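**Q** For reference, the chains in residue letters:
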Amino acid sequence: MSEFLIEVEHLKKYFGPVKAVDDVSFKIRKGETFGLVGESGCGKTTLGRTMLKLLEPTDGRIYLNTSLDDESTRRYDITTDARLRKLRRKMQIVYQDPASSINPRMIIRDVIGEPLKFHKAVKGEELLDRIIYLLEHVGLQAEHLWRYPYELSGGQRQRVAIARAIALNPEFIVLDEPTSALDVSVQAKILKLLKQLQRELELTYLFITHDMGVIDYMCDRVAVMYVGDILEHADKEQLFNEPLHPYTKALLSAVPSMDPTERRLSQAEILPGEVASPSNPPTGCKFHPRCKNAFEGCDKTEPELIEYKDRYIACFLYTQSKSDRNDEKNEVNKI
Amino acid sequence: MKVLHKYILKRLVGSFVTISIIIFVVFTISRMAGDPIEAYVTPETPPEIVELIRKKYHLDQPIPIQFIYWLQGVAEGDLGRAFSRGEQPVTEMIARYLPYSLELNIYSLILTLPLSFWIGTKAAIKKDSLFDHLTRLFAILGRCLPGFFTGLLILAYLYPTGWIVVDPRFTFPRVTGLPTIDALLDRDWAGLLEAIKYLSGPLITSFIGGFASNTRILRSNILEELSKDYINTGKAKGLSNDYVEKKYARRNAMIPFITLLGMRFAGMLSGSAILEAVFNRVGVGSISAAAASAGDHNTIQAFTMIYATMLVLANLIIDITYGFIDPRIRYGEEK
Amino acid sequence: MSQQTEQQDISEETTMDDWAYRKQSLSFIWYRIRKSPLSLLGLSVIFFFIILGLMAPLICPPNSPDPYRMPKTFSRLPLPPSKEHPFGTTGPVTYGDIFYGVIWGTRYSLMLAFSITGICFTTGVIYGGISGFYGGKLDELMMRIVELFYCLPNLLVMMVILIALGKRGFWTMVIAYAILAWPGYARVVRGEILRVKNELYVEAAKSIGLSDIQIILGHILPNCIYTVGLMAAMRMGTIVLSTSSLAFLGVGFSPGTAEWGIIMSEGRNWLLQGSWWITVYPGIFIAFYVLGWTLVGDALRDILDPKERRKV
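Chains as they are written, first to last, in the numbering used here: chain A, 1119 to 1453; chain B, 2 to 336; chain C, 51 to 362.
If you're looking for bench data, these hints aren't it; they were derived computationally from the structure.
Treat each hint with caution, since some may be false.
[Claimed, not checked] Derived list of chain C stretches under chain B, where covered just means 3 residues or more per stretch with a C-beta under 8 Å from a C-beta of chain B: (1) 122-132; (2) 197-211; (3) 286-295; (4) 328-342.
[What the hints assert, rightly or not] Listed below are the simulated EDC-like cross-link pairs for lysine to aspartate or glutamate, each with C-alpha atoms no more than 20 Å apart in a straight line: (5) C:K256 with A:D1215; (6) A:K1354 with A:D1334; (7) A:K1204 with C:E253; (8) A:K1238 with C:D352; (9) B:K128 with C:D352; (10) A:K1235 with C:E253; (11) A:K1204 with C:D262; (12) C:K73 with A:E1269; (13) C:K247 with A:E1261; (14) B:K11 with C:D189; (15) C:K73 with A:E1261; (16) A:K1171 with C:E253; (17) B:K11 with C:E197; (18) C:K256 with A:D1228.
Note that the structure is predicted; figures quoted are calculated from it, not measured.
Even for Gly, the Cβ is constructed at its ideal location relative to N, Cα and C.
Let the hints inform the model, and build the full structure from the sequences given.
**A** In structure tokens form, the structure reads like this:
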């Protein structure tokens, strides 16, 4: 059927005047790791949670292409489907803060066992075996069954969260900055674990982060988000080698390099001003007040996310808006 | 300042509604606790007279209508007659007895709060010292002994010494109604001493109870503040322990202090029936208790109205003060 | 094959741990209790009172159909403590034996406290639970009603209710008190639920697909219950303070009942004439009773707290 596991169409999530997610569309292929990167407050966490309908979308649709109950694969509309509960088996989430995403009063055995028990996936003796199996699969031991979350380290807790997420053999996992709260050495281990699990269990990931280095390691495709909008969306290699959107360029220039011969940090582009406010964004392109390439017309209408060469981009430098035909600067036409 | 104004206005309206509802509820209940006509007649009263009285006090109308008549009366300053004290107008009764309770409350407030604050903070700062342990001991004991028990003990010990007076004879003219003030105004020093002795028993008793609970609360609040990070930052910056504690901790501990103050304020026009019973003191507490026993609805309503109004007012002032101090609160209302 | 037996061995090992685990957590709690002398004191006091209350019929066999009436010993003045009357008598008006009154008073107070707390706790949890969980307009409305209760002058209204209910006695007091006390519980429960509702692990539970009820029962309630339980423990003590105060004023119980407060109400007049036993013995019992519960409450709070603090 479709090569895409998840399709997001014109998703919006507003909290009153705050437009956390402002008309976002993209598709994720089966088996790939789709990265979502942006600064704090750009709406990426909200997007992740809304995609799983943990938050009620203000508008838009989310589709999951999967099969339920031995039926054939078909397209399910998560936003409206009545069988959401069953669909939830297919999609899970791992949160950024393992301390608050696990019930502090439950022992690990119950934390991991809960989804299994609820969906009646396994029973009795098998249940404990499966829990131990999951624990070992994420790098913990059977003795951890009886511990409380506060008795484990941050890295261990995150492993528990991962074990809980894979317990029901989902197809899709949203990873919301799963390593941001951890020590750097632990980060590397967790990322390796995630990659390994992806291979073994044929998982599809939406990886949310603000760290470009992690994106480089984990992701196949990347979307760059700013104040509720996706500004650029491309294959990782293309994005890193040839960033087109001014914002992407600035983000990448700020990544410190381990190579002492690369003097990139001193050439880091520091964006003027501050991140725009989602409740009162600038008119037109939300990034324009900070953009050194901004020109007349950038403040009039919002650029649409349009296919350009090998990627999607929302920037007037590369596309024409509907109402604005600027002959001076662009030699680029819509493909 | 507009946000603050909106906030205050909202609170005012809400308070008004609350008071009205409370009064109505109490009105209804007290009228249901037996036929109110019984208050005005005896079994021998001829039926025609009973009917006349019924009509006079609107007792033949449905309760909401009676309520409106009562409200009318309130607006004109007529709260009805207190038949539990022989047909005396309620307003007169309140004017006579309220000042005594007011006096006790004011002195109790002045005595208790500053002392609890000072000692509570000191105990928190010198945690686990002898001072701290003694304070906590005293605080716990003060709370465990019932008010009337402490009162009785004090009565037993101090009455024989003459430091407590249960049957005062005042010769100074009544100006404000508060014995100590009136004695002062008249320069009647003997009378002043008498007034003080009349106060001493209830004052000491109420001090013990109030001090115990207030100190406990304040101490735990300050302890909480002291464990917060900004205290350590202050100390790390090089500020002396003393300075940090005095300026930072005390200031932030003021907030629960304000709540305590507010609650005390709410009770300013109420009396303690227990203290009055133990020390034979005149005041609003025993009056309202007697009224409640006798089913004297006019008095009951009057006191409920007073209490509810004071409480709502106190809450209002507290809220507004917080609104001033903590901007988060008034902006929080906007969501 | 061998892997399977390995798996079996592991699960056998850990299944045995299930009991070991339960034992372990209990012994840990006991350890914490032991470490704090004050909580031990509190627990012992309460334990003592409960035993006393249960054994009342054995210690002071009643000789009338209503065991809560003190047996009479007629005399012109209250009798001081003696062999027949270890705590003395109350003398004219009720002529009650204070020892009997105090022992059966223990039982009475415990019954009052447990009944009132039981009713308030249940009502509060249900009311606050609904209000907190569903939020929105319903929550606003329900909390307005709770606020209303808060604005009532407690003593006054309780007396009005007591008079309205008519006859004095145990259940009258329980109902009158419970009517005014349950909003306090509801408010705390609602506050806790609001706090927990927004925790991440509740959303995580939702992501697994759990239904609302399961989330409430399995995640929200267990994390809320402790604060409310603590409150209940503290209140067990203060309930008796209030009821005995009311009794002292002569409200709610008839003179001659085996209740600490009402015995003390007679004591006032005799106190200044030297008959201290009428006031002191019941008073001491009240004080220790409240002390016990206060210490237990403090101990509970300490047991719960460090658990949170130990979070890395």
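**Q** Hints first: check each against the structure and report whether it holds.
**A** Outcome of the hint check:
1. Coverage of the segment 122-132 of chain C by chain B is violated [criterion: at least 3 residues with CB-CB distance below 8 Å; count 0].
2. Counting residues of the segment 197-211 of chain C whose C-beta sits closer than 8 Å to any C-beta of chain B gives 12, which meets the bar of three, so the coverage hint holds.
3. A stretch counts as covered by a chain when three or more of its residues have a beta carbon under 8 Å from one of that chain; for the segment 286-295 of chain C and chain B the count is 4, and the coverage holds.
4. Beta-carbon proximity to chain B at under 8 Å applies to 7 residues in the segment 328-342 of chain C; the threshold of 3 is reached and the given coverage holds.
5. About 17 Å separates the Cα atoms of K256 of chain C and D1215 of chain A, which keeps this hinted pair within 20 Å; it holds.
6. In summary, the hint linking K1354 of chain A to D1334 of chain A is supported, as the alpha carbons are separated by about 7 Å, within the 20 Å threshold.
7. For the hint pairing K1204 of chain A with E253 of chain C, the CA-to-CA distance comes to about 16 Å; that is within 20 Å, so the pair holds.
8. Between K1238 of chain A and D352 of chain C the alpha-carbon distance is near 38 Å, which puts this suggested pair outside the 20 Å criterion.
9. Taking the CA atoms of K128 of chain B and D352 of chain C, the gap is near 16 Å; set against the 20 Å cutoff, the hint holds.
10. A threshold of 20 Å between alpha carbons decides the hint, and for K1235 of chain A with E253 of chain C the separation of about 18 Å falls inside it, so the pair holds.
11. Between K1204 of chain A and D262 of chain C, the direct Cα distance comes to roughly 15 Å. Compliance with the 20 Å bound is thereby established for this hinted pair.
12. Our distance criterion of 20 Å between C-alpha atoms is met by K73 of chain C and E1269 of chain A, whose separation comes to about 18 Å.
13. A C-alpha spacing of about 30 Å is found between K247 of chain C and E1261 of chain A, which places the hinted pair above 20 Å, so the restraint is violated.
14. In summary, the hint linking K11 of chain B to D189 of chain C is supported, as the alpha carbons are separated by about 18 Å, within the 20 Å threshold.
15. Of the pairs offered as hints, the one joining K73 of chain C and E1261 of chain A holds, with about 16 Å between alpha carbons and a cut-off of 20 Å not exceeded.
16. Simply put, K1171 of chain A and E253 of chain C have alpha-carbon atoms about 11 Å apart, close enough for the 20 Å limit, and the pair holds.
17. A hinted pair counts as satisfied when its Cα atoms are at most 20 Å apart, and K11 of chain B with E197 of chain C qualifies at roughly 16 Å.
18. Taking the CA atoms of K256 of chain C and D1228 of chain A, the gap is near 16 Å; set against the 20 Å cutoff, the hint holds.
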